[in-house]
Structures are given as C-alpha cells and as structure tokens.
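Order-wise, the sequence lines are chains A, B, C, D, E and F.
Quick note on numbering: the working numbering labels position 123 of the first sequence as 249, and the sequence is numbered without any gaps.
Quick note on numbering: the working numbering labels position 270 of the second sequence as 396, and the sequence is numbered without any gaps.
Quick note on numbering: the working numbering labels position 236 of the third sequence as 362, and the sequence is numbered without any gaps.
Quick note on numbering: the working numbering labels position 23 of the fourth sequence as 85, and the sequence is numbered without any gaps.
Quick note on numbering: the working numbering labels position 49 of the fifth sequence as 111, and the sequence is numbered without any gaps.
Quick note on numbering: the working numbering labels position 65 of the sixth sequence as 127, and the sequence is numbered without any gaps.
Hints are computed from structural coordinates only; laboratory data are not their basis.
Beta carbons: idealized from backbone N, C-alpha and C, even for Gly.
Check before you lean on any hint, since a few could be wrong.
Pairs of lysine-lysine, BS3-like flavour, derived with a Cα cap of 30 Å [as the list claims (entries may be wrong)]:
no.	chain 1	residue 1	chain 2	residue 2
1	B	Lys-289	B	Lys-342
2	D	Lys-65	E	Lys-102
3	F	Lys-81	D	Lys-76
4	E	Lys-80	E	Lys-68
5	A	Lys-370	C	Lys-139
6	F	Lys-102	E	Lys-76
7	E	Lys-65	F	Lys-76
8	B	Lys-370	C	Lys-370
9	C	Lys-336	F	Lys-136
10	F	Lys-65	D	Lys-68
11	E	Lys-102	F	Lys-102
12	E	Lys-80	A	Lys-225
13	C	Lys-370	B	Lys-139
Just some of the chain E residues that point at chain D, by a computed CB distance under 8 Å [claimed, not checked]:
no.	residue
14	Ile-73
15	Gly-101
16	Asn-121
17	Ala-138
18	Gly-142
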Amino acid sequence: MDFLGNFFMDFVKQLQSPTLSFLIGGMVIAALGSQLEIPEAICKIIIFMLLTKIGLTGGMAIRNSNLTEMVLPVIFSVALGILIVFIARYTLARMPRVKVVDALATGGLFGAVSGSTMAAALTILEEQNIRFEAWAGALYPFMDIPALVTAIVVANIYLNKQKLKEAAYAGEMESLSKQPVAAGDYSENYPRSRQEYLSKRNRSVNPRVKIWPIVKESLQGPALSAMLLGIALGIFARPDSVYKSFYDPLFRGLLSILMLVMGMEAWSRLGELRKVAQWYVVYSVVAPFVHGLIAFGLGLIAHYTTGFSLGGVVVLAVIAASSSDISGPPTLRAGIPSANPSAYIGASTAIGTPVAIGLCIPFFLGLAQTFGAH
Amino acid sequence: MDFLGNFFMDFVKQLQSPTLSFLIGGMVIAALGSQLEIPEAICKIIIFMLLTKIGLTGGMAIRNSNLTEMVLPVIFSVALGILIVFIARYTLARMPRVKVVDALATGGLFGAVSGSTMAAALTILEEQNIRFEAWAGALYPFMDIPALVTAIVVANIYLNKQKLKEAAYAGEMESLSKQPVAAGDYSENYPRSRQEYLSKRNRSVNPRVKIWPIVKESLQGPALSAMLLGIALGIFARPDSVYKSFYDPLFRGLLSILMLVMGMEAWSRLGELRKVAQWYVVYSVVAPFVHGLIAFGLGLIAHYTTGFSLGGVVVLAVIAASSSDISGPPTLRAGIPSANPSAYIGASTAIGTPVAIGLCIPFFLGLAQTFGAH
Amino acid sequence: MDFLGNFFMDFVKQLQSPTLSFLIGGMVIAALGSQLEIPEAICKIIIFMLLTKIGLTGGMAIRNSNLTEMVLPVIFSVALGILIVFIARYTLARMPRVKVVDALATGGLFGAVSGSTMAAALTILEEQNIRFEAWAGALYPFMDIPALVTAIVVANIYLNKQKLKEAAYAGEMESLSKQPVAAGDYSENYPRSRQEYLSKRNRSVNPRVKIWPIVKESLQGPALSAMLLGIALGIFARPDSVYKSFYDPLFRGLLSILMLVMGMEAWSRLGELRKVAQWYVVYSVVAPFVHGLIAFGLGLIAHYTTGFSLGGVVVLAVIAASSSDISGPPTLRAGIPSANPSAYIGASTAIGTPVAIGLCIPFFLGLAQTFGAH
Amino acid sequence: MAKPAKKLVIITEKILLKKVAQIIEESGASGYTVLETGGKGSRNVRSSGQPSVSDTKANVKFEVLTPDRDLAEKIADQIGMQFFLDFAGMIYICDAEVLYGQSFCGPEGC
Amino acid sequence: MAKPAKKLVIITEKILLKKVAQIIEESGASGYTVLETGGKGSRNVRSSGQPSVSDTKANVKFEVLTPDRDLAEKIADQIGMQFFLDFAGMIYICDAEVLYGQSFCGPEGC
Amino acid sequence: MAKPAKKLVIITEKILLKKVAQIIEESGASGYTVLETGGKGSRNVRSSGQPSVSDTKANVKFEVLTPDRDLAEKIADQIGMQFFLDFAGMIYICDAEVLYGQSFCGPEGC
Ligand SMILES: Nc1ncnc2c1ncn2[C@@H]1O[C@H](COP(=O)(O)O)[C@@H](O)[C@H]1O
Ligand SMILES: Nc1ncnc2c1ncn2[C@@H]1O[C@H](COP(=O)(O)O)[C@@H](O)[C@H]1O
Ligand SMILES: Nc1ncnc2c1ncn2[C@@H]1O[C@H](COP(=O)(O)O)[C@@H](O)[C@H]1O
Ligand code: NA
Ligand code: NA
Ligand code: NA
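Looking at chain A on its own, in the form it has when it is part of the complex (with noise of 0.2 Å):
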C-alpha cells in the first residue's frame, strides 16, 4: 500500500521528468500529424555523443576500479542476452499466426540494448540522486551482442532444418506459379517459379552460420563503436576537459531532443505493427517486464554477494527491458533476411521502447526504492 502509494506519486512525478515527458510529447505530436522532423544527421551525432559520454564516464570509472565487482553483472549480462531469446522462441513462436524466425528476430531485439533507454534510466537515477556504478553503461555490450548472435545463430539452425520440405512445397507451387495466386498472399515467400527455383539452388549453399562475423559487425556499429571508444578513450586518454565542457554539460538535452524522435518515430511505425499478428503488441507489453524483472533479481543476488549498488540493479533491469532500436535491427535484418522486419522492429520500436522507458524505468526504480527503504 505505501508502496503503491509512493510508487505512483514517483510514477507521475517521472512522467514529468524532462527525459519522459518529451518520449510523450513526441508520440503526441505525431499523433497529431505534425511535420516537425529532426534531420537524420542530428540524430545520428546525438547518437554518438550520448554513447560517446556514457563510455567515456564507464572508461575513467573502470580506470580506478577494481574490476573484480564488475564479474557477476557482466556474466548476468551474457545470460540475460542469451535467456531472452529462448524465452522468445518458447513463448511467442508458439503463437498462432507467427512465424518462428519472426519471433527470433524479435527475441533477439528485445534482448539487445537500447542506447537511449540506457541512456534515459541513466539520466532520471541522476536526478533522483539514486548512485550507481559509473561503468554500469558498459554492461550494454555484454547482453547486447549475445542477444543477437543467439537469435541468429538459432533461427538459422531452424531455417536449415526447414530447408528439405520448403524445397518439396516449391515444387508444388512452381506448378501454380502461373497463376495469379502466386503474386498474392504467399507471393513474398514464393515469388516467380524461375527466380524461386534459382534461389533454392543458390540459397541452400551457406549450410552453417558463423558467429565471429556476427560479433564483429555489431561492434563495428555504429552506437557500439562509439561506446567503444568512448570507454578506450576513458581508459587510456585523459578526457577529463572535454567530458566536463562538452560531453557531459549537452548530455540531457541531446537525449531530450531524441527522445522527441524515438516518440514520434513510435508512432509512425505502429502503423506496420497492424499488418502482423496481434501477439506482437502482448509480447511488446509484457516481455520488457519480465525480462527486466528476470534481470532485477539476478542484480539482486550480486547486491547481496559482490555488493552491487541497487542503482546498478535498476539499470541491469532496465538495459534488459529495453529493446535495441538503433544497432540491432540492421545486423537482424541482414542475419535473418527472411525475418519480417515490419514485426519485430514495429514491436520494439513502436512498442518495446516507449514501454521501457515510459513504464519500466519508473516501475524498476520505485522497486529500487522499496527494497532500498528496507
């Protein structure tokens, strides 16, 4: 009761925060069909600054800290990206109406890491005064790319296994591919007989997939890359004067001008989310609860042996939360061609992301609190 109590007093109280209330104003004035547009070239620089920062301050924290406390958040992380997909696979694959690589696809972005939900849980635990790890932003990585490369490496198996009867069932279709059914319904899995028949041929080449190349172009990223060097800079640069007059001073309101995007990009793409099954929208609900619920206990037990901060806790929970809405889907869209993107990037960016930041954020944190309190 006083926890609800308190809870709700946060909940709205962050909701005016100024991190969430433009993610909110941004959705509205989409809805509203205003042609406000943040150029692609000012999205893409905030990007690197905000990443650029968070590495940056994990790099000169990692610097003069003992790395020892870092070991069982990272070796959560890992768990966490990797669980998360079967959670996917075992849940929403199962459903009518969805197709088991679209699930994949969509486990593997729900698992990845958002950089501005990070970057929003960062901010609001500052202004709540909340303390946390400073290097608790370089946990990204480790759920972030397992995350992918299990979705992928998994859906591939799968697709290989499907390999035998889909090459049977083209056969069939080829018969019918005259006629005007096949440019229906079916027509994005069995196009033209003459280029699916060529197709098979030259797709049932690339037996097994390999992992190495996956990593590497998701550290090669571009939101990745900047961490990246932001932590190398950290750690082996001295910083310190630009992090102090640039990266840090700008750092709330370039987030706050992208979460405007990631509002107003919310909102245009719920449009794609109606054309696939209504179990994305369930999924797109509930996952980041239970995925960062999941998370919050795990960060629970490394508060209580290696004496991880609860502020540490809220952002495991909350970078397992979110879903990657930058890096992720590129790399998933050319690991899993066949995946439908409309799926699972309308669900994590239509979805995922505005309930990660708009509801688990505060949800985590009035957790944080009341286990905090006691």
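Since the structure of chain A is provided, determine the placement of chains B, C, D, E and F with the ligands on it from the hints.
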C-alpha cells in the same frame, strides 16, 4: 532631439549586437560571393531549438501567471494578423503590375510571424535588461495563423469570382495557343491549350475554401509545432533542468548562426525580387514600420489598461513588423497556388526580414525607452 | 638528455590530450572497420564554428593591440607559403615516378594551412597555459593563400611549356589509340583520340593564369570566409556575449569530434596513397618537420626582435607544418586539373595531417619549452 | 522473364511530394521511386522559404514503371492538369524492360 | 563516337548497398552510379531502425551501363536471385548510347 | 501531346557542378535536373578533401532533355572536351517523350 540623440546611439549600438551583426555579416559575405554554407539540417535543428526554448519559457511562465492579462494582447494579435492582410489588399494590390493574389499572399506573409525575428527581439530585450512578460512569445500563433488564414480565404474568394471571365478569356487564347507567343510571356498563366482546357475543367471544381485545414496545417508546421510542444511541456512537465542546461544557454549562439543564414538568404533572394514589380520593394520597406506602429499603439492601450509591460509592447510591435520566412511560405504556396512565390517570398525574405530585424527592432526599442523615460 | 627526457614525457602526455587521443581513436576505429559516421552536415558546422571562433578571438585581439607587432610574423607567413612550394618543386618533383604537377600541387597543399591542425595547436597551448598572441590564428590566410597561388601559377607556367612536346606526342599516340593499349596505363593522360584531339585544341586556348581569381576563390572558401567573418565581427561588432556563451565553451568539444573525423578520414585515404609513388609518403612525413623548423627559426627571429611570444612561434611553426585538408583541395583541383588528386590529397590527409597534429605539435611545443627554460 | 514497360518520370517542386505520391498510389501503379533533385527550368521557383542550402534539393523526381503507356499517360495527365499551371514541373516517359520486381506485372500478366 | 549500351537499373534496400556494389564490381562492369532514393512498392519495408527522417532515403538505386544485354542480365540475375526473396527490390533495363566514358567499351570494342 | 526528345545524362565530379550547369544553360537547353550521386569508375577520385561521409555524394548527375540529338551532342562534346581528360565523368543519351514541360519544345515546335 534628445530622443533622436539617444535613439541614434542605441541604433548603432544595436547594430553591433551579436544578433544584428551576424545578420549584416551574412548579407555582406553573401554579397562577396562566399561559398560558406550552413547545412539545412543545422538550420532545421536551430529553428527547432529556438522555438522550443521560446515555447518552454512561455509555458513555464503561463503555469504561474494569471491568464487574464494575456487576454488583451491576444485579441490585438489576432486583430493585427487579419488587419495586415486587408492593408495589403487595399494598398499593394492596387499598384500597377501587381497581381491581386500575389499582393494577398504577400500581405499574409507580412501578417504572419517570423520566429527568428521574434527570437532576435527577445534576445536584444534581455541584453538591454528590459522587462517583458515571459509569455510574450506565445503571442506568435495568435497573429500568425489568422494572417495566413485570412490571406488564403480572401484570395480564393477573389479567384472564384475571376473564374468566369478567365474561362472565357482562356477560350480566346485557345485558338492562339498553337502560335509561339503561347510559349512566351503569358505562358505561366496560359500554357498549352489542352492542358489549359483540361485544367480549367478540373479547377472549377473546388468552389469554397475550408478554414480548418489551413489552421491545422499551420499548427502542424515545424516551427509552430516545436513552439506549441515547448509550451505544453512548460505547462505540464518539469523541463527546468534541460531548460537551464541546454535550451537556454545555447539560445543566443544558435540564434547568431541563424541570423547569419537569414542574412545570406536575404541577399540570395534579392535576385528573385528584380523579376517582380518595384512596388514589392516599397511595400517591404514601409509595411514593417506601419504594422509595427499600429501594434505599438494597440500595445500601449494594453499597457495603460491592463499593465502590459513596455517590453511586451515592443515584442508585439516586432512580431507585427516581422514577416514569416520559414513556416508561412509553404502554407501560402499550397493555399494560393496561383500566387507567384518569387513575389511574396522575395519580398519577405530579401527585404521584410532584414528591415524588421535590422531597423524595426532598434526603432521600437528606442520608442519604448523614450516612453519609459516619461 | 634532460631535453629528451621531459620532451618524451610531454610527448606521451600530449598523446593523451583529448585532441590527439580522439585523432588516434579515429584512426584506430577506422582501421577496425567501424561503421561509425559523423554526418557531413555536422563536419561542416563544426568547421564553421571552430574557424569563426578563431576569427572572433583574433578580431577582438586585433581591436586592442598595436598592429606593428603583427608585421614580421605576417611577412614570414607569406614567405613560408611561397617557399614551401618551391621546396616541393626542387625535392619531391625530382623524384622518380613523381609528375611535376602532382608535386607542385602537393607542395601547395603542404604550404597551405589546416584549420583543424591550427585549432588543435591553439587548444593544446591553452591546456598547457602557454601564452601566445590572440591574433596568432589570423596568420592563417597569410600563409594559406600565397602557397595555393604559387603552386597553381608555377604549375600552369610549367604546363604551358610542356604543351608543344605533348601535342607532338599526342600525334604519335593517335595512330595507336585504336589499339587496346590506349585503354591501358596511359589512358588517363591520352584517352580516345577524337576527344584527345579536340581537347588539345581547346586546351591550348588559356595561355596565362590570372592570380586574382585564385585569391578570390580561396577567400570565398567556407573555411576562410568563416574565419574572416569572425575577424570582422570581432573588430567591428560586440560579439563578446555569444563568444563567451557559445563559441568559446563549445570549441574543445567540437574539436574533439573533428579530430575523430580527421583520424578516420586519414585511415580511409591511406588506400589512395598506395596507388602513387612511395616518395609521397617520405615527403609527407619529412616535410612537416622541415617546414615547421624553418618557421620556428623565423619565429625566433621575430621573438628576439619584436617580442613575438614563444607560444606564437609554436603556432607559426605548426601552421607551416600543417597541410590543408578542407579548403585547399578544391582550389587546387580547379587550378591544376591535370594534377592527380589521389596523390596530393592522399599525401596531405592520410599522412601530412596526422603527422602535423600527432608529432609536430608536441615536438615544437617541447622545443619551445626548452627554449623558454633558458 | 523481361517484361516490356514504360518508365514515367515526373519532376516537380518538393512541396508536392505527398500529393503526387498519392495520385500515383491511387492510379493503380504498383509502386514508385522518388529522389530529391535540383534543377532549373523556365520557372524554377523555390517554393519553400527554408533557408536553401544546396539547390540540389529543391525538386523531387518520381520514377514510375507502368505495364503500359495508358496508365503512364493517365498519371501524367492527372498531375499535369492539377499542378503544372501553378507549379514548376516536367513529365516524360521512356521505354524499359523489367527484369525483377515482384510487385510488377507486364502487359501479358504475371 | 556513340556506343550502344544497356542501362541496368537496380533499386533495393539501402542495407544492401555494399553487397550489390560488390556484385557489380566483380561482374566486370566498368563502373556504376548509385543514388539514395525513397520509394514504395509491394513490400516497402524500412529495414533500418534508424529514426527515419525523410523516407526519401530508404532505398538505393544503382545505374550500370553495360556494353551488352548479357552482362546486364547476368548482374540482374545474381542480385535478383540472392536478395529479392527477402529484400524489397526491382530491376529493369533501358537502351542507351554512351558518348563519353573513358572506362567504357561498347560491343565493337574501344 | 507527347514530344519526342533525347535525354542526355552527364555524370561527373561534384566540383564541376557549377561549370557544367553553366555550359548547359548557355547551350540553349530549356533546363536541366541535377542529382547528387556516388559512383565508381576507372578513375573514381574524390576530388574534395571534405571529410567524406557517405560516398553516395561524391558525384553529380545532370539530366537534360533536348528536342533533338544535335543539341545533346553539342553539350556532350563541350563538357567531354573541356573536363574529361582531367575529371572523372561519363555521358550517355537515351530516347524519351516529353508529356508535360512548359519550357520544353519538341522538334515540331511548341
Ligand atoms: N529541358 C529539361 N531537361 C531536364 N529537366 C528539366 C528541363 N526543363 C525543366 N526541367 C526540370 O523540371 C523542373 C521544372 O521546370 P519548369 O517548370 O520549366 O520550371 C526544373 O526545375 C527541372 O528540374
Ligand atoms: N512500379 C514501380 N515503379 C518504380 N519503382 C518501383 C515500382 N515498384 C517498386 N519500385 C521500387 O522498388 C522498391 C522495392 O519494391 P518492392 O520490392 O515491390 O517493395 C520500392 O521501394 C520502389 O522504390
Ligand atoms: N559503367 C558505368 N555505369 C554507370 N556509371 C558509370 C560507369 N562507369 C563510370 N560511371 C560513372 O561515371 C563516373 C566517372 O567514371 P570514371 O571517369 O570512369 O571514373 C563514376 O564515378 C560513375 O559514377
Ligand atoms: Na534488452
Ligand atoms: Na507580422
Ligand atoms: Na602549411
């Protein structure tokens, strides 16, 4: 004498202010053929930040200020927006070689408000430590929209009247249209007969203008929606932290860049003006002062009746004197397609804006100070 | 020994400075194949802001400083700009497999000045609290333009001399041009005979180069016109408020981003260099030191005669060591079309700039400090 | 598998982007490709007041592949009628053959 | 000096930029031109999660001039086969004549 | 109302944008459309030192519709002669039919 004296001093001083000096600098380097380019993406984000900041200021002010004192200035703003269009209708439109629709579009643009001009005025008022209502910026839409709506409505009523004669005239033309002349001077109004013929048919379809779509479109424009977003967040959220750390401190610097762009743009547009009647030049120089003085008068009424601050009066005068350079043109282009954009955009951007910023701001400031002195 | 000792310490320290570490970081992530991209619009605005800031500093300094003390450094700058081109003419141009025009263009680029390198030097000097004349940055154009002009003029004189032989040679080629070989190695110089034939005709038209257009073009370039704008505003206006609130505080942070871009760019250009003679590599490594040392010597003369500060001497040495990476190339490309841009841009961007920033700045700083010690 | 087709090209002011796109979609064409372009013509007006950075962005160019000439002309007429009295613009067609394009059907059907 | 040639046009998702470019380079074509475009088709998916500002940037369009139809079709087939089951895309060819292009050889050789 | 025409396409380095535009204007063509493109060819140099973000912007592509082949070739020759020894570039023509284009006149006059 004393007035003229310190007025002239002020004037020179203000030309040296960052805001105005960057405007002049922009015109000069453009005149010298500089290849300097401020990327469009940067212009867009600057406009977004300036108007969001103005909105935030207004919103936070409105939160704790009794709205009754806003009533009179708001009413005057609406009245001015409408009045200015009719002034153009009965002055500029009467001049030789000036098409009525072009004159109305120009009136609409000069009745509408320039975000950059207003930002410049607010900045200079602050620099001079002259008090003004923080919500003054919120008067923008109340003058902007009525002006655009009036211009579009009046123009279309006028055009519908013209239909019959025109159609007849087109009939005559048709026979000539095979001859070279048809491709010549008149071609903009009377192109190839078939197109002409069919177009007339499909033109005479839309009989009466609807007002709401126009209002909606202006509200959805990038400039206004940024400002309204700011107001909303200022009222309902707690954006103070980002306001203090981001939007407010960067305001002047960003404005200086925008002023540079405005100056360069003004110069580059001068060419377009040459193509149209000289009267547009006369109008663009005189109108800002006329509109500003009327607004100043009305402002004084509010000053003596409801205690509208003298600084507020200056703001009212300046937004009346300003002519829309970013949000207005597309609205008018869509609302009065047959009006010649070279005429109204040229008049507003090439002369109206520099005059409003470079001459009207210092002028009305000086005026207010002399009033304040008594 | 003592010199070497603290010099080495300084050197390592400076590699850790934000400026240099971001440069190195950029090269590293580019080498690791990062997909990170800093949008072009951002690069442009950064360059604008850096050079405007340097200009403002210079302008405000010039306002209250006797110009006589600028005379000697200015003269030296002009002399250096011209000298450096002739050094290239009599060293690089003599090397095997190096075309004379390419060598001259390269000399012009290394004689010209890199805004980013200069900005880096100024920042590091400030970080080290080493005094230097605030107008030092204003030396830029006095070295930049003479270098470009000299290179273009000398190259064209040389080309006009070559005309006759070439034309004759082209004659022989014509007969061969039907054979495959014509499409081979020589094709860049001698394409399809008809084009060749006609081109020769229309080439032999322009007999002598005009200097003013070149000067004008460089002055109108984005970098220089931003800087000159800043100087003008610094002298004639009162930009102090925006300078303090915007251009100055953001300077270092923006520079760090630009350094990152320079590093990435340097790496991506290395490939182009492989296509050209090895001697460009040798030149790009040695020349910056040679040019810098000559400038340092001249600077010392000014130091002991007219009291030019040691910090100023470093600035002079660094701008001499620097090679233009943004404004120079287009000017040269237009002025010496037949020179191979892969050669001179590759040499400058891929090696010249990193060497100038990463090695020469620390080197000349150390040198100045040892002189200061005595 | 090549299918003869007509390539309809529409160049006009950026401000008409959405309206032209809508006309094409409603016309029954299977899709379109749109590019930002600049250009110069008899009128070449810049209809936006946006500080214009590079004029290589003032126009848009639509490319629509249609199975037959009739559809192309239908679209062209609609757009030409509705806009080209007041807006800068140009429309032309070329011949083309579609090799791949799952949404595309040539005259002899899919 | 005009050399008859085929102009091959490939429109597909931006994400395939590098892969398509590589196929063209390896095919032996003398070069290519690539543009950022937007578009709408049967699938038109936006495969990047990048906050999409203007949808006039979601696709890329390659233009490859080839001396003969065979090379064009070879490239088209390779790309169509490999990608167009899973990615949005379209390929068509037109006739063209090359006037200048030092890297270019028409059927009758340089 | 369709008017047969030639579509002249010129692809070259961005740095020549203004010079090529001028040649076209002086040639008497009724207008042109220009796009930013990237590309790869035998030389493909990046002639600007500008930190190059996406190489899809290094070139420009002009499209000029001319009433007859002569004008097209005249423009092509002028540009080819003047620039293509030293600058990357390619020129080709296609057939086209202009449906609308108020500034445009086909061979049989307006
Ligand atoms: N002859 C032409 N060739 C290519 N594009 C043209 C031509 N004439 C006009 N255009 C394009 O069509 C647009 C509108 O032309 P206009 O309506 O004549 O102003 C111009 O901005 C150009 O992009
Ligand atoms: N009929 C068409 N005309 C021109 N472009 C098309 C057409 N159909 C598809 N496209 C282009 O090809 C891309 C992929 O088409 P699709 O695979 O049908 O989604 C679209 O985004 C368009 O850019
Ligand atoms: N075969 C080709 N197909 C299409 N575009 C080409 C071709 N060859 C060259 N280009 C374009 O022409 C430009 C200059 O070519 P080049 O002069 O060979 O370097 C390249 O950057 C491409 O944009
Ligand atoms: Na996650
Ligand atoms: Na006004
Ligand atoms: Na130099």
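Status of each hint after checking the structure:
1. B:Lys-289 x B:Lys-342: The hint holds at about 27 Å.
2. D:Lys-65 x E:Lys-102: It holds: about 20 Å lies between the C-alpha atoms, which stays within 30 Å.
3. F:Lys-81 x D:Lys-76: Roughly 25 Å separates the two Cα atoms, so the pair holds.
4. E:Lys-80 x E:Lys-68: Given that 30 Å is the threshold and the Cα spacing comes to 22 Å, the pair holds.
5. A:Lys-370 x C:Lys-139: The given pair, whose Cα atoms are some 19 Å apart, holds under the 30 Å limit.
6. F:Lys-102 x E:Lys-76: Answer holds: Lys-102 (chain F) to Lys-76 (chain E) is near 17 Å, not above 30 Å.
7. E:Lys-65 x F:Lys-76: Holds. Lys-65 (chain E) to Lys-76 (chain F) sits at ~25 Å (cutoff 30 Å).
8. B:Lys-370 x C:Lys-370: 16 Å, holds
9. C:Lys-336 x F:Lys-136: 28 Å, holds
10. F:Lys-65 x D:Lys-68: 15 Å, holds
11. E:Lys-102 x F:Lys-102: 27 Å, holds
12. E:Lys-80 x A:Lys-225: With Cα atoms ~29 Å apart, Lys-80 (chain E) and Lys-225 (chain A) stay inside 30 Å; holds.
13. C:Lys-370 x B:Lys-139: 19 Å, holds
14. Ile-73: Check passed: Cβ of Ile-73 (chain E) comes within 6 Å of chain D, closer than 8 Å.
15. Gly-101: 4 Å, holds
16. Asn-121: Status holds, d = 7 Å.
17. Ala-138: 4 Å, holds
18. Gly-142: 4 Å, holds
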